[in-house]
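Undergrad: So the chains spell out like this:
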Amino acid sequence: MDFLATIGRTFLVFLNATGRLAMFAGLGVSHCLRPPYYLRQILRQMIDIGYYSLPVVGLTALFTGMVLALQSHSGFARFQAEGAIATVVVLSITRELGPVLGGLMVAGRIGAAMAAEIGTMRVTEQIDALSTLSTNPFKYLVAPRLIAGLTMLPILVLVADIIGVFGGFLVSVYRLDFNPASYLQRTWEFLEPVDVISGLVKAAVFGFVVALMGCYFGYHSKGGAQGVGQATTNAVVAASIMILVFNYLLTGIFFSDK
Amino acid sequence: MSDTTNGGTEINGAAGNGTPKIALRGVHKRFGQKVVLDGIDLTVNKGESMVVIGGSGTGKSVMLKCILGLLHPDSGQIQVDGENTTHLHGRDREKLLHKFGMLFQGAALFDSLPVWENVGFGLIQGEHMPRAKAKEIAIAKLGAVGLGPEVAELFPAELSGGMQKRVGLARAIADEPDIIFFDEPTTGLDPIMADVINELIVQCVKDLGATAVTITHDMASARKIADHVSMIHKGRIIWTGHANDIDHSGNPYVDQFVNGRAEGPIKMQVRAL
Numbered sequence: 001m002d003f004l005a006t007i008g009r010t011f012l013v014f015l016n017a018t019g020r021l022a023m024f025a026g027l028g029v030s031h032c033l034r035p036p037y038y039l040r041q042i043l044r045q046m047i048d049i050g051y052y053s054l055p056v057v058g059l060t061a062l063f064t065g066m067v068l069a070l071q072s073h074s075g076f077a078r079f080q081a082e083g084a085i086a087t088v089v090v091l092s093i094t095r096e097l098g099p100v101l102g103g104l105m106v107a108g109r110i111g112a113a114m115a116a117e118i119g120t121m122r123v124t125e126q127i128d129a130l131s132t133l134s135t136n137p138f139k140y141l142v143a144p145r146l147i148a149g150l151t152m153l154p155i156l157v158l159v160a161d162i163i164g165v166f167g168g169f170l171v172s173v174y175r176l177d178f179n180p181a182s183y184l185q186r187t188w189e190f191l192e193p194v195d196v197i198s199g200l201v202k203a204a205v206f207g208f209v210v211a212l213m214g215c216y217f218g219y220h221s222k223g224g225a226q227g228v229g230q231a232t233t234n235a236v237v238a239a240s241i242m243i244l245v246f247n248y249l250l251t252g253i254f255f256s257d258k
Numbered sequence: 001m002s003d004t005t006n007g008g009t010e011i012n013g014a015a016g017n018g019t020p021k022i023a024l025r026g027v028h029k030r031f032g033q034k035v036v037l038d039g040i041d042l043t044v045n046k047g048e049s050m051v052v053i054g055g056s057g058t059g060k061s062v063m064l065k066c067i068l069g070l071l072h073p074d075s076g077q078i079q080v081d082g083e084n085t086t087h088l089h090g091r092d093r094e095k096l097l098h099k100f101g102m103l104f105q106g107a108a109l110f111d112s113l114p115v116w117e118n119v120g121f122g123l124i125q126g127e128h129m130p131r132a133k134a135k136e137i138a139i140a141k142l143g144a145v146g147l148g149p150e151v152a153e154l155f156p157a158e159l160s161g162g163m164q165k166r167v168g169l170a171r172a173i174a175d176e177p178d179i180i181f182f183d184e185p186t187t188g189l190d191p192i193m194a195d196v197i198n199e200l201i202v203q204c205v206k207d208l209g210a211t212a213v214t215i216t217h218d219m220a221s222a223r224k225i226a227d228h229v230s231m232i233h234k235g236r237i238i239w240t241g242h243a244n245d246i247d248h249s250g251n252p253y254v255d256q257f258v259n260g261r262a263e264g265p266i267k268m269q270v271r272a273l
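Residue numbers (full-length UniProt numbering), protein chains in the order written: chain A, 1 to 258; chain B, 1 to 273.
Worth double-checking, as some hints may not be accurate.
As the list claims (entries may be wrong) - Computed cross-link-like contacts, DSS-like style, restricted to lysine-lysine with a CA-CA straight-line distance of at most 25 angstroms:
1. B:Lys133 / A:Lys139
2. B:Lys99 / A:Lys139
3. B:Lys234 / A:Lys222
4. B:Lys206 / B:Lys95
5. B:Lys34 / A:Lys222
6. B:Lys34 / B:Lys224
7. A:Lys139 / B:Lys95
8. B:Lys46 / B:Lys224
What the hints assert, rightly or not - According to the in silico footprint, chain A covers these stretches of chain B (three or more CB under 8 angstroms from chain A):
9. 65–71
10. 100–112
11. 119–128
As the list claims (entries may be wrong) - Residues of chain B clear of chain A, computed beta-carbon distances all greater than 12 angstroms:
12. Gly47
13. Ser61
14. Gly76
In short, the hints are calculated from the structure, not lab data. Glycine is no exception: its CB is placed at the ideal position from the N, C-alpha and C atoms.
Construct the entire structure; sequences and hints are all you get.
TA: Shown next, in the form of structure tokens:
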């Protein structure tokens, strides 16, 4: 019976946590939709997510594109299908690797930073101070981050898509001796709008998830430095797992009929 | 019952002039099994400086947070200017908080903003004042707590503990609140800086004509700031009286605390709340 009780307790804890997260998300979204907006805060977060993450996400995309070209070349050579490399690179990058790897890198960079910043604000009573200064912490801290995550990650991933395809192009042309013009032509040939758009929608969801996790764990952190550290870890781990889960669900929605 | 002795001057109930500024009636708050506030009754009249003393973990901070609405009491009533504010939320709560200023224990300055923006935060965000005008006022308020305009552009991390407290004080008084809370204003400061802060608190409260509630365990600070003193123990107010009566309260709990003796009716609490 003890065993069953443990299962029950764990399940209740899980439901409790899910409910709290859902309520937090609902409150955050409702503050995103209602004025006033703190434009400075939104802008600051946008620059942080969109601009300062560019090197990390760009490098990730570049090397991913390069590796994809190399891998698919060595693999496809076994059945003389090297011509498909350009298509494989562009589809993999835009549909999957751009948003997922971009999302994971941003989770590590931004999710952690958000959890640490908001967590420190929580344990040093800065969030209480916001409230006493008649400023709603959800409006001032959470909403700008959610808005910035939701809007900036698609832009970031669009840039990453281009850089990733360029990485594949570089390797194919300079290392594998492809003809540049025909490589680019093949890149375009089988690319459909839905490939890019699905990737960007994923990116928007991932951006929202990363910001939400950073805010949620930061906001509820307690117990000083250790608590903030724990919040940061939880935010990154939860955001990463949710990115992978949502990636599967969204792929199912976009491409299930094919 | 010696626990509820109400010595010194009678200031509860209708003894004050008109409606009390803040009134707590039977406020209870518990976290899980732990009862923190066990029926707090406290009256603070307009324009007076009330100091609430008590050991660590007796519920002082929780009481302030309940009044501000940062925590919600489980039962009981909290009145500000005669109005029940216990269940205010959202905009109504924000409107009420315009009346309040608070100096936090660790100053709680926003470390991403320069000093002047910290001081002017309530003016810019709460009252939508143009930034240039808010900066002017912020610099004037910094002057009022003895800091020059050159401090305005620094970031909180560049300041010493005492200076951070001063900036926190300037922020608390910036939009000229009716009521100011001081959460352990002298904790962590050297005795001289502590006295400077005490002087500033007395001065600022007097200049604004504000009602002040201070929670502290620093008796030197309490003696300097207080008009009236209440002692909190195990989540209840066990004594209230005039600041001058603190040394002959006739209450063994108060005596032990004021004289800082390990021996007495108060046993040390080991676990934090």
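Undergrad: Against the structure, test the hints numbered earlier, and report the numbers of the ones violated in rising order.
TA: 6, 13
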